[in-house]
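**Q** Sequence:
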Amino acid sequence: MNFIKEIFYKNIAGFLSCAIFFALISCDEDLTKINKNRNTNFPSQIINNANIVQRDSGLIKLRATAPLIEKYEYVDSPYIVARKGINILFYDKKKPDAPGKISAKYAKFNEKKKFYEAKGNVKIISNENQMFAMQSVYWDQAKKIMYTTDTVYVTDKDGSTLVGANGMRAKDDFSAYTFYNNSGDINAQKIPEKGR
0 MNFIKEIFYK
10 NIAGFLSCAI
20 FFALISCDED
30 LTKINKNRNT
40 NFPSQIINNA
50 NIVQRDSGLI
60 KLRATAPLIE
70 KYEYVDSPYI
80 VARKGINILF
90 YDKKKPDAPG
100 KISAKYAKFN
110 EKKKFYEAKG
120 NVKIISNENQ
130 MFAMQSVYWD
140 QAKKIMYTTD
150 TVYVTDKDGS
160 TLVGANGMRA
170 KDDFSAYTFY
180 NNSGDINAQK
190 IPEKGR
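In numbering that gives the first Met the number 0, the protein residues as written are 0 to 195.
Honestly, I wouldn't trust all of these hints.
[What the hints assert, rightly or not] Derived EDC-like pairs (lysine to aspartate or glutamate); straight-line CA-CA distance at most 16 Å:
hint: 1; residue 1: K83; residue 2: E116
hint: 2; residue 1: K94; residue 2: D172
hint: 3; residue 1: K122; residue 2: D172
hint: 4; residue 1: K93; residue 2: D172
hint: 5; residue 1: K60; residue 2: D171
hint: 6; residue 1: K113; residue 2: D91
hint: 7; residue 1: K143; residue 2: D172
hint: 8; residue 1: K113; residue 2: E72
hint: 9; residue 1: K112; residue 2: D75
hint: 10; residue 1: K93; residue 2: E127
Hints are computed from structural coordinates only; laboratory data are not their basis.
Generate the whole structure from the sequences, applying the supplied hints.
**A** What follows is the structure, given as structure tokens:
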């Protein structure tokens, strides 16, 4: 009789282990189907009152402050966004004591493409103290160019002004730039002899 009970318990144990095995496999399949339809467009990191410092070889390259920064890592093209505005100080090795400044009401950085965009009352002040004001600007970090199709207002440190009605294209260090359909009040002594 004990022998029959032992066989009966072994059969029940074997049956239950098979049932659990098949239940787990069916759950795994269901989870993969569910995960395919899951929304991944949510911030993986949120920083309130951000104060970010980026260094290179011990020297500060960039200092950014923003009320809110969100990082989206789980999408096909990861990005970082500052929806409530951002202020950036960028430092040049040639003039470390005179940082350039960028401020905007909105900014976004695509990590894979190394592409920045800033929108809403964008102001850029170069380390030469030139101020560029526009509604949006794009920076392709890989190509080292900044551009916009918006009207650009430029004020030089001597007070002269220039308006690029159809935008501009510039090197990202503002060492050279081109304005489209421009007008303004420029100091003629700044124009090279060939351009006069």
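**Q** Just pull the numbers of the violated hints for me, sorted ascending.
**A** Number 6 - this is the single hint that the structure violates.
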